[in-house]
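2 protein chains.
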Amino acid sequence: MNQWRAVSQKSVFKAKLFNVKEIVFRNKNGIEKIHHIAERNTVVSVFPLTNAYDIYLISEYRYMLGKIALEAIAGHVDKKESAIAAAKRELKEEAGISANQLEEIARIEMSGSVFKNKAHLFLAKGLEFGETDLDDDEEISVVKMPLEQAVEKVMTGEINHASSMIGILMLDKLRKEKKL
Amino acid sequence: MNQWRAVSQKSVFKAKLFNVKEIVFRNKNGIEKIHHIAERNTVVSVFPLTNAYDIYLISEYRYMLGKIALEAIAGHVDKKESAIAAAKRELKEEAGISANQLEEIARIEMSGSVFKNKAHLFLAKGLEFGETDLDDDEEISVVKMPLEQAVEKVMTGEINHASSMIGILMLDKLRKEKKL
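Here the protein sequences line up with chains A and B, keeping their order. For the first sequence, the working numbering gives the first residue as 3, with consecutive numbering after it. For the second sequence, the working numbering gives the first residue as 3, with consecutive numbering after it.
Keep in mind that the hints are not guaranteed to be accurate.
The list treats identical chains as interchangeable, and a pair is accepted whether it falls inside one copy or across any two copies.
Unchecked claim - 30 Å max Cα-Cα, derived BS3-like pairs, lysine-lysine:
1) K69 x K82
2) K69 x K12
3) K12 x K35
4) K69 x K35
Simulated from the structure, these hints should not be mistaken for lab results. Just so you know, these numbers come straight off a predicted model, no measurement behind them.
Bound-form chain A, shown alone (with noise of 0.2 Å):
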């Protein structure tokens, strides 16, 4: 299948949120290659959605990018902690909803090599609202609006955030599909 046989790996650097291994693969000459990769916990959006087809969607500040981003309710998956149980947990801490109904409508690699994250992607319906239970160090808005404006706001690039592009365009399909 691949010339190339992982011989060894070893992790050489750890961060809080990530690890980097250096994997060295051996060819059928003898001849050695060197690669490093830096891998994340399995990560959730969550999309709720209204019966109205209004969506929530958060607004924060990202440092890493340097501008405020419309973004889907998102967060990490703790240790021993299921990705639904995540989704519910991100969706009330983040934007203070409950929802009945939470559907895996995707499982997506963000990457396929270099940098190692898994994407689960919910669907929540059935919605009730309360209080949100921000983290210390989050300062985010609650977005809502009808899930065409989400779909136009990716093809004009105003959203462009990976996951967060993703899951509107399923729903967007989905709906158009009747499928929801």
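The hints should help you fit chain B onto chain A, whose structure is shown.
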């Protein structure tokens, strides 16, 4: 805007394809916290489409994922290279395709935090076919299929690579809106 201000940053690990940066943040009370981010060069993904709405994808064994993945043609933007030049180069190298027309359809942030990586997505039209020019360690099959079928594979999860999903869903939407 944000009570935490970055007061210093330094590079703490360098791999061939990414760097790890350590950033110190301080709030108004003088409390500090440290974040690490991994930063990778910009990538391009290219979606070649025929007049009959067939799309070309690639099938490649991805060690990091432990599977053969069906993805868009993609690669890193080299130093001093424009994104469109990288798209043109990868299209030729990986699929042996030259395109009369390359149109940027999206600029994506693959993540809002932790893993910094931009992706530029290009639609390629006016296709001409020649020889591929693969790197020594690339083992790639080019796969042609109707755009509809690629969309179906995204919706069922068979194609689950983030930027590939986005490009395919955007092309589907543009086609439905008679913009393709």
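Contradicted hints - numbers only: Nothing - there is no hint that the structure violates, so all of them hold.
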